[in-house]
Structures are given as C-alpha cells and as structure tokens.
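Chains as they are written, first to last, in the working numbering: chain A, 1 to 186; chain B, 1 to 647; chain C, 1 to 339.
Bear in mind the hints are in silico, worked out from the structure with no lab data behind them. Computed from a predicted model, the values in this text were never measured in an experiment. Take the hints with a grain of salt, since some may be wrong.
[Said to hold, decoys possible] Chain B stretches covered by chain C per the calculated footprint, using a threshold of three residues with CB under 8 Å from any CB of chain C:
(1) 296 to 306
(2) 396 to 407
[To be verified] Using 20 Å as the maximum straight-line C-alpha spacing, the simulated DMTMM-like pairs for lysine to aspartate or glutamate come out as follows:
(3) A:132 with C:327
(4) A:132 with C:308
(5) C:232 with C:308
Backbone N, C-alpha and C fix where the C-beta goes; we use that ideal spot for every residue, glycine too.
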Amino acid sequence: MSLPFRNSGSAAAAVALLALLGACDRESRNTRGQPLGETVPTGASPDTIYPGNSQPPPLTAQAAAYENNAYAISQGQQLFTQMNCVGCHSHGGGGMGPPLMDAKWRYGGRIDQIAASIAEGRPNGMPAWRSKLTSEQIWQLAAYVRSLSGQVPKDAVSARADTLSNTPPQTQQTPEPVLPAGSAQQ
Amino acid sequence: MTPAEKAKAPPTTVPRDGPDLTGPELEARLHRTWARPRGLIGWLSSVDHKEIGVRYVVTALIFFAMAGLLALHMRLQLARPESNLMTPELYNETFTMHGSTMMFLFAVPVMQGMQIYLTPLMAGTRNMAFPRLTAFSYWMYLSGGLMLWISHVMNISPDNGWFSYVPLAGPQFSPGKRADVWAQMITFTEVAALAVAVTLTTTILKQRAPGMTLARMPIFLWSTLVTSVMVIFSMPSVALASSMLISDRSVGTQFFNPAENGDALLWQHLFWFFGHPEVYIIFLPGTAFVSEIVVTFCRRSIHGYSVVALSLVATGILAFGLWVHHMFATGLPRVGYSFFTAASMSVAIPTGLQIFCWIATMWEGRPRLTVPMLYVIGFIFTFVIGGLSGVIIASVPLDLQLTDTYFIVAHLHYVLIGGGVFPLIGAITYWFPKVTGRMMSERMGKIAFWALFLGFQLAFFPMHISGLMGMPRRVFTYPAGMGLELPNMLSTIGAFVVAAAVLLFVVNLVNSLFRGVPAGPNPWDAPSLEWAASSPPAPYNFPHIPVVESRTPLWDADGSLRVVHGLRVEEPELLLTTVVSATPDIREPGVAPSPWPFLSTIATAVVFVCSIFSPWALVFGIVPAGIALTAWFWPKKPPPEGEPVIV
Amino acid sequence: MKPGRFTALVVAGMAVSGCGGIQNALGGQAVQSRDFVSLFAVFMVVCTVMYFVTVGTLMWAVFRRRRATEACTVETGRHEVSAPGSRTALVVWTTLIAVGLSALAVASFFTDRSLAAAARSPKLAITVTANQWWWDVQYTPDNPSHIIRTANELHLPVGVPAEITLKSNDVIHSFWIPNLAGKQDVIPGRVTDAQILPRQIGQYRGQCAEFCGTEHANMALDVTVESMADFKKWAAAQLQPAIAPTTPLAAAGFNYVTTRQCSVCHNITGTPANGQLGPDLTHLASRKTIAAGTLPLTRGNLYGWVADPQSQKPGSQMPTMQIAPQDLHAIVAYLETLK
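Here chain A stands alone, though its shape is the one from the complex (with noise of 0.2 Å):
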C-alpha cells in the first residue's frame, strides 16, 4: 500500500500564503521602541523650507514601521481616550480643536508631521506632549490619528474600541485624501 498522505498543497494553501504576506508589518508587536534612541522628529512641519525642492524627505523607516501596524494603532487608539484628546478632537470630529477624520492638516498629515504636532504641541490649544510622553507612544497616537481619516489600510484597524460608539466603524472608514498643508483647497 503507497503512503497515504503526499501533501499536494493545496491552491487555497497558497492563496492563504499570498494574503498572508503582508502580515509581518502589521502584525509585530514591538513594546518596547527600538532603538531606544527613539525620537519624534522636529521641525517636520510643512513650513519648513527644504533645500532641493519643497518636499520634506521620505520617512524614515522607524516611523513606516508605526504607520500600518495594527499594535500600533491599537495603543495609539488607548491613548487617544486615555490623554483626553477626545476632549478636544472628540472621536476625530473636532470641537474645541479640529477635527482629524477631514482632508485638512493645517501642520501636515504624514505620520511623522502629526507625531512632530502632538510632540510640540500647536498654536491655539494643542498642548506639546514631548515631556509627558514617550517617544513611543507619540507615534503609536500618531498611527491611531492617521488611521481616524482613513490613511492606514483596512486591514490593520480595528472595528471599534469597547466603548460607546461614536464613529462609523474604523474598517469601514473612506479614505480621506491628504492635502498639503498650503494647498488652496484647504
């Protein structure tokens, strides 16, 4: 009698391999901030004047490690409750402060230019966070504060937090585009 099994791999194997791939930036949970030397850049802001041509450079690879990843986004998602920043922003709709689920970033909306506006806080209200938070967590919010406009992929929200609903659902959120700070449509 032949051995029995011959695994002839299966399609739907290699079908749950291919969507499967993309898991490894999401799904590491890095609780620590590596390096430790972890800063939030400054003066990332859009009036910033960059010799060359007006773009700020690419991010770096220590803040697109925090842009899409699900640990991320999920502690930034704690925090946002946490440090009462619904107390201005409420659940991304704004009140006090702006709203964070819009098209509009006055100060940019690439990760590393919302980490540099929570670190150092903004004109008309914002507090700067730098001393009373970790680097770490800086961009965990920044990650959870990207996602509110619909930036991050699908796949690496979360539906909703365990508590009052107060937003469509996160996975069910449409896209905002990011406009450049000086743009006319803002």
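Given the coordinates of chain A, assemble chains B and C onto it according to the supplied hints.
Chains B and C alone, transformed into the frame defined by chain A:
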C-alpha cells in the same frame, strides 16, 4: 413484486450480482466499476470512504504530533520557575495553537476519520451516503488546518487561547488579524465536521445491511450516530459565535461590546454550549472503540447491549445541559448553578453503566491481553481518574478554587487522553490489519503502551497538585519558592516520556506498513461485518451485500454469511434499507469520483481566507463558489437501460 | 475510625501537606477556603473509594481464574449468555453511583449555603478594579474622607467579613486569593463581588486566574491579613498624603516625577502628580512587591523597573522611557521615601 423480491429476481439484461455472477469474475467487474482513476486527478477526485478516512486519520495524527511538539516546548519553559526560554507572546501563541490544534484539528477529525472508514464496512454497505460531501469535508478540514499553521509559521497565529474569550479577542484588545485567523479556522473545521456528521447519520440510518436492525447494529455505529447528531446540534453554536466575533472585528458590530448593550458573557455561553458537547463528541467514539475491542478480545458479545446503547444516547442528550459548569466563576445566579452541578454529576451515571458493562463482559468472557486490550485497561485506569476529578469540579464551591488552575489541565488531559487517545491508539492497532493487510508489532506495541501509560501519569498527575497549590492556567511562568518546581519538573519529564512513546507508536505504524506480518480478513476472529471484507478492503467493500441476523454476525454465521443478490455490477449501486428494521428498500445509484469537491474547497477557502481581510470577499466570493457548487450538483444522465434506477 | 474523625484527619493531612504556601488552595485560612478544604476532603474520600472499587473490579474481572468451559465465550457457544446475578450487580452498581453522587451533590449544596451565610452582613467594603495587568484597590467606607486607594495589595483585618466589589476596565480577569477564598471573574460591563472572612493572620498571595493577555502570569497581589489594631494603623498611614522629600536628591526626583511622564499616569496624593491611569504610588515604599507582584520591592528592582519596564514585563502599559542616569537616581531616591 416488492423491492426485496425484485432484488432477488433473476437478472434481466442488466448485469447484477447473484448466483450466476459471483466469485473472482464478479470481483473483477466490481473493481472496475468502483475503483477510482489513477494519477493526481484521480487522487484529488476520490470519493472512496476508505481513502478519505485514512486521509483524515493520517492528517489528524500529523497535527497531533505538531501540537505535541508545541506542548514539549511549553513544558521546557515551565520546567523551571521564572524561566525565559519563551517570551510571554510566544508562550501565549503556543498554548493557543496547542489547544486549537488538538481540539479542532486532531480530536474531532480523527474520530470522524475513523468513523468514516469504519461505518460503511460495519454497516455492510459499499460507500457513505454522500461521498462527495465527505471528500469536500476532508479538503475543508485540511485547508483550515493549513491556514492556521501557515499563520503560525508567519507569526500571525492567534494568541488568545483555544477558547478565545472576548473582550480580549475583540477589536480593541487583539489588534491585527490573529483572532480572525482563529475564527475562520473554526468556520472551516465546523463546516467539515457538520458535513461528515450529516453523511454519517444518513449512512447509519439508511444504508445498514438487511437484517441489521437498530438493536443489532454494533455499538460503534450507535456511538457514531449519537456523536453525529451531537455535532449537528452543537457545531452551529460555535460557528455563530466565531462569525459574530469576525463581524465585531471587521465591520464593527456590537455583539460583545458591553458599552453598547452587548455582553462579554454571550461569547462564553455560545462557546461552551458547543464546547461541552465537543468533549463528549471526542469521548463517545473512544467508548465505542473500547466496546468493540472488549467484545473481540473477551470472546463474547457485549454485556448489556441495550444498557450500553442507551447510555450513549443518554450521555449525548445530557451533554447539552452542562455547559455553564465552565462558567461557575462568572457570577451568574447561584440557583442556576445548582442545576448545572446536578446535571454535571448525573452525566457520570451513564458512563458508569458503560464501565460496568465492559467489566462484566471481561468477567464473563476470557480476556486476552493483546495491545488493544491493554489500551482498554489503561483507558479505564486513566479515564476514571479524570471522570472523578470532573465530579469534584462539578461542585461549585470546589470549582471556584480549582477552575482555571492546573487541576483543570490535569482533569482535561486525563479525560481526553485517557478517554480519547488511549482508545484511539488501541483502535488503530486493532483495525490496522483491516486497513493495510498487515499486523502491527505486538512487542513494540506493548512497550509503547507501558511508556505511554506511565509517562502520562508522570506528566499529568502532578498537575493536580500544582493546581491545588495555587498555579493558575495559561501562565508562561511561575514564581520560585511556591513549591511548584517539583510538580512542574515531573510533568516535563513525563511529557518527554509520552513523546517517546508516541514516537515508538509511529515507528511501529510505519514499520508495520512495510514489514508487518501479513494478515487475512479476520486475524482477531472478531464478530462484526467489517472483518468479512478483505484486508485491505476492495473499493466496493463487499462483493455481495451481507444479511445480518444477530449482533455478532461473523460468530453466528457458521462459515458463510447469507447475502443479498441483485445489485448492479457495471454502475455503482447501493442498497438502502429502512430506518429501524433494515428491510431492503431502495436501490440507490452510487457516486462516481469527482474533482468538484476539491475545486469547491478551493473556491470556498479563498472566500473564507479573504473574508478575514475584507467582508467584500463574502459577496464577490459567491461567484466562484457558486460555479463550483453548480458543477458539483449538475444532474447526471440516467443510465440508458429502460429500467428506472431510483424506485 | 468514625467517619467524622477520618475526614478531619484527611483535612488536617491535606492542610499540613499544603505546607504553609502563600498561594495555596489547601491553606484554609479564611471561612470560605476552609469550607473548600472540608468539602474537598469529603469528595476525595468518596472519589478515592469509588476509584479503587472500579479498578479493583476491573482487575478481578481480567485476572480471575476461570475454567475454559465455564466462560461465556464464542468458543463455548455461550457468547450471548449473561452470568447469573449480573442484573443484581448492575442494580447495585447503579445505586452505588447514584447514591454517591447524590451525597456529594447534597454536601456541595450545603457548602454553598454555608458560603452564602458567611457572605451576609459584610463589615468592610473594598472595590477592586482589574486592569491589564494590575489591580486597582480602593477601600470605600461610608465616610468618603476615609477612602484609601492603593494598588496590587490588600490588607484585611482578621475576623472581619469583607465584601469586595469587582470591576474591570478592559478584559475579563479573575480575582483569586486561594488561601482565603474561591475565585470570582471580573467582567467588563458587569459588577461582581467576592466575600472573604479571614480567620488567620498571615501573608498571602493572590493572582489573576483568567487569561487576560500577554502578562497574565504577572498579575498578582499581596494580601496581608492582620489584627484589627495593625489594620487601623495601616489605614491611618494610607490616609496621609505623600511624604515630602527631605534630601536634595529626593527633591530632584520629586520634580521629575511630578512634572514629567510619570505624572501623566500615576497619582501621588498631595503632589501635582494626579494621573488616574496607572497604579497609585502615594505609599509605594510600604508595599512588598512592585509591578503587580512581579518583582519584590528592593532598590535594585526599583531601578530596573523604572529604567526599563518592558524588559521586566514586556507588553505592560508602562512604557520604557529614556531617563538620564542622574534622573534615575533621583526618581528612585524619591520613590523610596513614599512610605
């Protein structure tokens, strides 16, 4: 003419088996009709229950070995206090994979695989009732298992335990897709198990050999019937719960969100409504193996057949009324708990009756201590400890100290390994000659048995002690100086002894496959119908359908069984009989091999896996799944002869 | 030996063999856990007897001497015949099981009633809120000015029935002090409660007993059962605001702690640090362990924890911060003064 008379009437132009067409010529023609095409396509298209049963069992044993390796890793971590062999994240993923693999990818599938192989042979028919559905279920099971393990390899395996409680597994506290992978694995394996349960139930109720009344069918078929009905009633609960979890996580429903009138306990009720019958779905086939082995090796029919059969039914029914005993610590009203205490204790009564009947059979007969009998004795020694520790934790005040500690880990392994794995290994040894035509080595089997039995006690008995001494479950480490070092070290040593025993069993299996002593159709001189087929059975199982007149047909047959004549030879055909008294009823066309179950699995698997990432997969995935299912069910042309095939 | 004495002997044996563990279900140092030990002894006796009856009968059935012609086997042609008296044996066996189980069930229900009786009229009200992965403990007497907030520890006066109201801020946990009482799950969205009536002074350890995430294994609490006088002394000390720093190093630590990251999450009563997200640190130095029982409270552990909590308890909510060495000295110096 009644169908029975028609079946025995002289053949018309259609070739049918009978006194004129029998022996080697009949067997050659039946072989041509029933064998599947060779090659890869043929292998993927097989609808032969024997092939599918073997695939199920082999795949399940591979998953068993993989989950066992995970267990060894955990035991190495827990051998010393405050060890950092494994990080907490890795440990949590490991125990989740261990539990999920053992419960969903090993325990139920292996029992169903054995049932798929044995049921048509024991019932005296040629194939299952829905062969393509059975094939589909195997591919679905394999896909679910592959999905889970590929996710483990890619480091996105679930890490919330095999039970995945919310809110920990909910959208806020389990970021990413890990919990969704777990939930979809449930969907795969639940669909597979349901499919098998449906086909087994139908086969047993409608395809038994003529004369095999419900009161004459082997205990194994009773157990298969009861567990299949249990699967049908319990699996939808966990499928519902896992779908609700995926829905919460991917589209933001509020099923388990307490802030929006959802309830975290809803998950536990739905899960354990399935979870408790699940362990009986694993245990009852174990008791069935024991009944069959005891009958053969004590040389007599089972003592108290009605008692055993009714005990199986009673256990199956009672099992649905116990689930809250997994939730005694949650703070539900105490009066309700009292009901579940009483029910949990009373479920011991039917099992106790079964034990009486087995012991009485041994007392009245002449037990022969072959390897399967040794496993039966090991089963009684081990399972009864587990059952009694179960009686202990059925009491609420006791459970409130012991739940979620290593006492429960000890209990569950005693009942599942003692009550499931021991009979399973005995059963594999017992039926190996039938499946392969060779005997397993008796000497190696005995060594493996003693190693397994003693290693198991060493591994799991100390866990009762460590649970009483305050060690909770699912902890990746424990503090030094609490007296837990000794029990944990003993458990680790025992775990490695168990692993060696399992390895020896596998070596015996593989070695005997190629070099075992050749076996005839009935090497053990057993009484049930499967031993009338050749070893290994031909694709058509029996050249003529046998007629049964007692509970032990081969012992009462006086050399040759009476048979039915009149089934077609050039097309696959089965005989359906009535439900209770098994009088011949209808001649039913058999099913040809078909690649559509495999292709449907691919389509369905793509839908399920992609729906982890987006709910739109469910919508767009209807198209390929629909095409595959349509091709599968496309009506076949009836055979050209004027005579109707379906009466 | 009379059954009562036998049971008492078993109970004593088990309690002794429990050997003074601080996290031991056989300790029996409170009314609730003593009821457990007694009931467990009863169950163990009955179940052990049943087990040996079963396996003894099994061994007898397998190994008894019988003549080949006597046996009811297929070889003698009597494989359908039952031995005489087997019907009686079945009835006796079933009755034995049913009676045994009923007795155990009744004993269990009586223990339930005893536990319920012990739970009436509690005198001490405590609220414990479970978080990932620490315990927020608040004593809530009728007089609001006597509310005490601490973390990861419990002090109980001996002989006083306490009722502990249990809440969760995130996932399901389970509150369990094995020496004192059975466990009670803590479920978000529900309020559950546990009752403890301690009978013996001592130091015990409780632990979360429901899988709650990465650091479930490191979510313990220290439980001190003490005399009423000692308890009142402890409560009075807890009511005091944080001791002001006296040395320059401690003062520098005070500055850091109350103005930088620490104050965002931690509360130190009487200082500007009033974060509500993490454990209360007002009397940190009076505790026996830190990080929910993960590390004993020593200077070295304080340094290690503050400098890099993620290396001690990876995944915990306290982030690893970049703290300059002189700041670290100052912080630890200050924390050590918080008695």
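The hints, checked one at a time:
| no. | hint | result |
| --- | --- | --- |
| 1 | 296 to 306 | holds (count 6) |
| 2 | 396 to 407 | holds (count 10) |
| 3 | A:132 with C:327 | 15 Å, holds |
| 4 | A:132 with C:308 | 17 Å, holds |
| 5 | C:232 with C:308 | 36 Å, violated |
Of the numbered hints given earlier, the model fails hint 5 alone.
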